[in-house]
Every structure is written in structure tokens, then in C-alpha cells.
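Colleague: The residues making up each chain are set out below.
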Amino acid sequence: MPLGTIDRTPPPFFRQGFSARSKLIFFAALAVFLMVADTRFKVIEPARAALATALLPVQRTLAVPVQMWQGGGDYLRGLQQAQAGEREAQARLAAQSERAARAEQLAQENARLRALLELRPALVVRSLPAEVMYEAADPYSRKVFIDRGTTHGVALGSPVINEAGVLGQVTRAYALSSEVTLLSDKDAAIPVLNTRTQQRSAAFGGGAAGSGGMELRFMSGNADVQVGDLLHTSGVDGIYPSGLPVARVATVERRVESGFARIELVPTASPDGVRQVLVLEPLALQLPPRPEATAADAPVRAERQLKTPSRRAPGTP
Amino acid sequence: MIMPRGSDQLLLPVNPFFIAFTLALAAAFNMLPLGRQPALPDLLAVALVFWNVHQPRRVGVGVAFVFGLLMDVHQGALLGQHALAYTLLSFVAITIHRRLLWFGIVEQALQVFPVFLAAHAVSLVVRLLAGDMFPGGWLLLAPVLEALLWPLVTLLLLAPQRRAPDPDQNRPL
Numbered sequence: 001m002p003l004g005t006i007d008r009t010p011p012p013f014f015r016q017g018f019s020a021r022s023k024l025i026f027f028a029a030l031a032v033f034l035m036v037a038d039t040r041f042k043v044i045e046p047a048r049a050a051l052a053t054a055l056l057p058v059q060r061t062l063a064v065p066v067q068m069w070q071g072g073g074d075y076l077r078g079l080q081q082a083q084a085g086e087r088e089a090q091a092r093l094a095a096q097s098e099r100a101a102r103a104e105q106l107a108q109e110n111a112r113l114r115a116l117l118e119l120r121p122a123l124v125v126r127s128l129p130a131e132v133m134y135e136a137a138d139p140y141s142r143k144v145f146i147d148r149g150t151t152h153g154v155a156l157g158s159p160v161i162n163e164a165g166v167l168g169q170v171t172r173a174y175a176l177s178s179e180v181t182l183l184s185d186k187d188a189a190i191p192v193l194n195t196r197t198q199q200r201s202a203a204f205g206g207g208a209a210g211s212g213g214m215e216l217r218f219m220s221g222n223a224d225v226q227v228g229d230l231l232h233t234s235g236v237d238g239i240y241p242s243g244l245p246v247a248r249v250a251t252v253e254r255r256v257e258s259g260f261a262r263i264e265l266v267p268t269a270s271p272d273g274v275r276q277v278l279v280l281e282p283l284a285l286q287l288p289p290r291p292e293a294t295a296a297d298a299p300v301r302a303e304r305q306l307k308t309p310s311r312r313a314p315g316t317p
Numbered sequence: 001m002i003m004p005r006g007s008d009q010l011l012l013p014v015n016p017f018f019i020a021f022t023l024a025l026a027a028a029f030n031m032l033p034l035g036r037q038p039a040l041p042d043l044l045a046v047a048l049v050f051w052n053v054h055q056p057r058r059v060g061v062g063v064a065f066v067f068g069l070l071m072d073v074h075q076g077a078l079l080g081q082h083a084l085a086y087t088l089l090s091f092v093a094i095t096i097h098r099r100l101l102w103f104g105i106v107e108q109a110l111q112v113f114p115v116f117l118a119a120h121a122v123s124l125v126v127r128l129l130a131g132d133m134f135p136g137g138w139l140l141l142a143p144v145l146e147a148l149l150w151p152l153v154t155l156l157l158l159a160p161q162r163r164a165p166d167p168d169q170n171r172p173l
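Protein chains in written order, with the numbering used here: chain W, 1 to 317; chain B, 1 to 173.
FYI, nobody ran anything at the bench for these hints, they're computed from the structure.
There may be inaccurate statements among the hints.
[To be verified] DEER-style ranges, computed between Cβ atoms:
| no. | chain 1 | residue 1 | chain 2 | residue 2 | range |
| --- | --- | --- | --- | --- | --- |
| 1 | B | Gly136 | W | Val125 | 35 to 41 Å |
| 2 | B | Gln169 | W | Leu30 | 17 to 23 Å |
| 3 | W | Arg255 | B | Ala118 | 38 to 44 Å |
[Unchecked claim] Quick look at which bits of chain W chain B covers, simulated, 3 or more residues with Cβ under 8 Å:
| no. | stretch |
| --- | --- |
| 4 | 48-56 |
| 5 | 63-70 |
| 6 | 130-143 |
These numbers come from a predicted model, not from an experiment.
For every residue, glycine included, the Cβ atom is placed at its ideal position computed from N, Cα and C.
Next comes chain W alone, as it looks inside the complex (with noise of 0.2 Å):
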């Protein structure tokens, strides 16, 4: 047998390094400060990120096999499936371009209104599209990656829609790409309006353990809500815009050992299968700023703080 071909070198006697049950002790404990760190505090995200955006293009280069797994089918019947979806959006086109036409006449109507009564302009809202790279691997949560980041000018927070509805939202936003927190996730939660009975509430992610669904909690055993209801958002949040669709009502459950009624809910947009999404800016960005405190409040303040001293006062940030 020739030389070499068996590991010759023996191990050091002294040179050990360190043993493994010390490596361990030091890792568990910096995974440990690690993970306390990412809920707590957010001193860590810049690693995140800076980590997030040099994995980027081995992302990009594995989602090439899936795409093209995914996409070996639509070369063979691809032509008649490209005509049928053709005839498709036209059909959507002509059915949509009606209403687009009313819906210009309105809003130039209802600028027209607005000046007469002198209220403020409604606001506009910028947007920037965006396309999902992948569906996060993590069982714990419900996330996607979009191909937008910070540098495009998605900020933390930013709406995402689509066609159908609102999606998520960011949540964290790396220099090319973005975290976008679907609705369904647990820590999710959307205000929003019931548009047949215009009553407000809020909608909560993490519905039935799996389904994908959400919640409207916290509303009374008797409250008015039905099977089918569409519920938009209200817009009260400084994040969302109103008068997106959100849900619909999937179950109402009335129990009686409960004062709250347990009511199921589908997101209208269904985040299998998405690709093509709108980052929305958030709201809060284009409300005017708080107003200052003015001289004349002053003395009111002082009062205040000699009635109650331990208590901080209003308006004090």
C-alpha cells in the first residue's frame, strides 16, 4: 500500500483546542444572547442585514431550478394556457375599465367637493411594484422574501397588496430585499371595517392552528356580523389605506359559556402562488407632524403637573 493513503499524522497530545463541551457551552450561550437580543433589542439587525443582502444572489441563483421545475410544464402546453389567460385578462380588462372611468369622474368630482367644503385633499398614496422571490422555509411563521429593499425605498412598515387585497406587511427591510409578515401570521393584526355594517374592529392573524386563516376577536356574542361579510381596512392605523379589501367572514360562532363571538376569516388574497406584488407606503409618512406645543398650553401643563406630580403630563412626549 502506498504512502499516504491512510491518515498518518497522528493527533497532537497537547494541542487540542478547546473541548467540544466548552465550544458548546460558548455557543449555546451567544445563540442564546443572540436570540434574546432579536426579540428584545434590535441592536442586532444591521449583522442581519448585512448577512441578508450577501446571501442574496445565492437565493437568486437556486430559485432558477425551482422556476424552471415549476416552469418545464408551461412550455408544453403553453401556448393554449397563454391565449385562455389572455381572453381572461381581456375579459377582467373590459369589465374593469367601466368602473375605472366612473371611478376618474368621481374622484375628480369628489376633489371638486373636497375644495367646496374645504377638506383637506385625500391622501395619495405612492407605490412601487414588487415581485416574491420565496415563501420563508419557517414553520413558525408566515413570511415571504419580495425583491425590494431599502435602497428601492421600501420603508419598515410599508403595506403589501395585491390585486385581490393587502397581503402583509414589511417588517424588515434589508438593503435589496424585504420581509414581508403575511396577514395570517400570528403577530399580525389589521384594523379594519365591516363594509355592510360600517362597524370597525380588528382582524388578527393565526387563526385555526394551520389553516392560514384569521380572526376578528373581541367582538361581542351578539354583534352584527354574517357569513360572507367583506371586511376593507378602515384606515385608522396610519399604516394601511382604506378601503382595501382585507377578508371575508368565513365562520360565525355564537357560544354561550362566552361573551365574545368566535368568527373565522379568509384573507380575499390568497398568498399561494402570489408573484406580483404592491409595496404601498405607509401612511403615517404623510400625515402632517404633530403639532408643537404652543405657549398657551403651557399654563394648563404646569396646573396639571402641581395636581398630579407623580403623573406625566399629556401631550408630554
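Mind docking chain B on chain W? Use the hints.
Modeller: Frame of chain W; chain B shown alone:
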């Protein structure tokens, strides 16, 4: 030299580039944008455990930690979740590496199954503590698939070391 009973031959020395290549390949598989599949086996974990068992002096806890961070950032998960799971995996693998290689392939797979199960359990507990949603029962399938992959991974990753030491015309590889 004491030969482990399960092994049939002396192995050639491992090529460090092959280790790096296989780890990168496993990480690339984990990063394929296949969507949310709780039952998808974590190939990177299998590869890390394999190299920790077979080459504990080359692939250690630190490598596992770094790969864990990469997976965290890619998945948008809690930063440190995979890092902690892979660190524990790697430590257990290094702890059992002298004993494990005396067994046959099937017994090895049976013994690494609880290790993979524990790694997933650590991830689950961490995420539930952080207040995230329960992903459903399909998550249990992942460690089973990882243990089932162990014989295949052993066959593939040990193949370069099982080549003939003196290749000739009858044994070109």
C-alpha cells in the same frame, strides 16, 4: 490499529474540500425556495452530524454554529434558533462519535434519530417561547426522514474514501 467492527476496510484520508463541498451542497438544498414544508428533512443537519461523527477534528461546533446563523437569516427565523439547534446537534454527535461507528448502518440510523428529534424539539420550544405559532404535526416527520437518510448519506459521503488506494485498469476509481 483497532478496526471498528462495522467497517469493512481502511478508509482513505478525507479531502477537506470534499467536506466543504458537501456542506455547501446541503446548505444549498436547504435554501431551495420550496415554500413552507414542515416535514422537509434538514439535509444540512444530517451532513453536519455525519461529518461531526466521522471527522470531529475538522468539523466542530463552531462550523455548525455558523451554518445555523446562515439558515436563520435565510429563513427569516429567530436569529440563533438554528444556531442553537445545530450547536447541540454537533456536540452530541462529537460525544457519541467513538461509539456510533462500531455499529452497523441501520443501528447508527436508529441512534441518530433521537438526536435529530431533540434538535427539532429545541427549535420548537424556542419558537413557542418566543410566541410563534405551532406548525402542526407534520413537523414530526422531519426527524424520521433525516434518520432514514442516514444510510444513504453514509454511502454517498464515504464513497470517495472507499476508493481503491492504488487505482489500476481494473479499478479505475
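Colleague: Each hint should be assessed against the structure and marked as holding or not.
Modeller: Evaluation of the provided hints:
For the hinted restraint 35 to 41 Å between Gly136(B) and Val125(W), the CB-CB distance of approximately 36 Å keeps it satisfied. In this structure the supplied range 17 to 23 Å is violated for Gln169(B) paired with Leu30(W), their Cβ-Cβ distance being about 53 Å. One distance hint, 38 to 44 Å for the beta-carbon pair Arg255(W) and Ala118(B), holds here, with the actual separation near 39 Å. Only residues whose C-beta sits within less than 8 Å of a C-beta in chain B count toward coverage, and the stretch 48-56 of chain W has 4 of them, enough to reach three; the restraint holds.
Counting residues of the stretch 63-70 of chain W whose beta carbon lies closer than 8 Å to any beta carbon of chain B gives 3, which reaches the threshold of three, so the coverage claim holds. Counting residues of the stretch 130-143 of chain W whose beta carbon lies closer than 8 Å to any beta carbon of chain B gives 11, which reaches the threshold of three, so the coverage claim holds.
Hint compliance for this structure: hint 2 is the single one not met.
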